[in-house]
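Q: Take the sequence shown: its letters are residues -30 to -1, 1 to 73, numbered as in mature numbering (1 follows the signal peptide of the UniProt record, and there is no 0).
Taking lysine-lysine pairs in the DSSO-like style, the calculated list, with each CA pair at most 27 Å apart, reads:
id	residue 1	residue 2
1	69	5
2	5	24
3	51	69
4	24	10
5	10	69
6	19	5
7	62	5
8	47	19
9	24	69
10	51	19
11	24	51
12	62	24
13	62	19
14	51	62
15	69	19
16	10	51
17	69	47
18	47	62
19	10	62
20	24	47
21	47	10
These are calculated hints, taken from the structure and not from any lab test.
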Amino acid sequence: MRRLTMKTKFIAVTALSLILWLSGVGCVYAASDNKATTIKDALSERIGKRVILKMDSGETLEGTVTTVGEQVVTISKLTGKDFYDAIIRIDKINSVVFKAREN
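Let the hints inform the model, and build the full structure from the sequences given.
A: What follows is the structure in structure tokens.
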């Protein structure tokens, strides 16, 4: 039986991770019954609620949606950054992850 090299294993794991990540990004809205059609709509529906934002850069930010403007959203109470808020360009957000239902 042929042994897999470390490089082959790394490529396989990376490809699988990418496939799973991409499928998750496309299904974020399918998990809930919201009527949002854009990232801005999704954020506007969640003012005052906690969300996780996945950015174009790969960075993940978690906090409470404070305000939603035409081009930016303000996130307060950032997780891991106790005294910081963030103003984020909406066009740089890939997905919005949120709690859709209670147990």
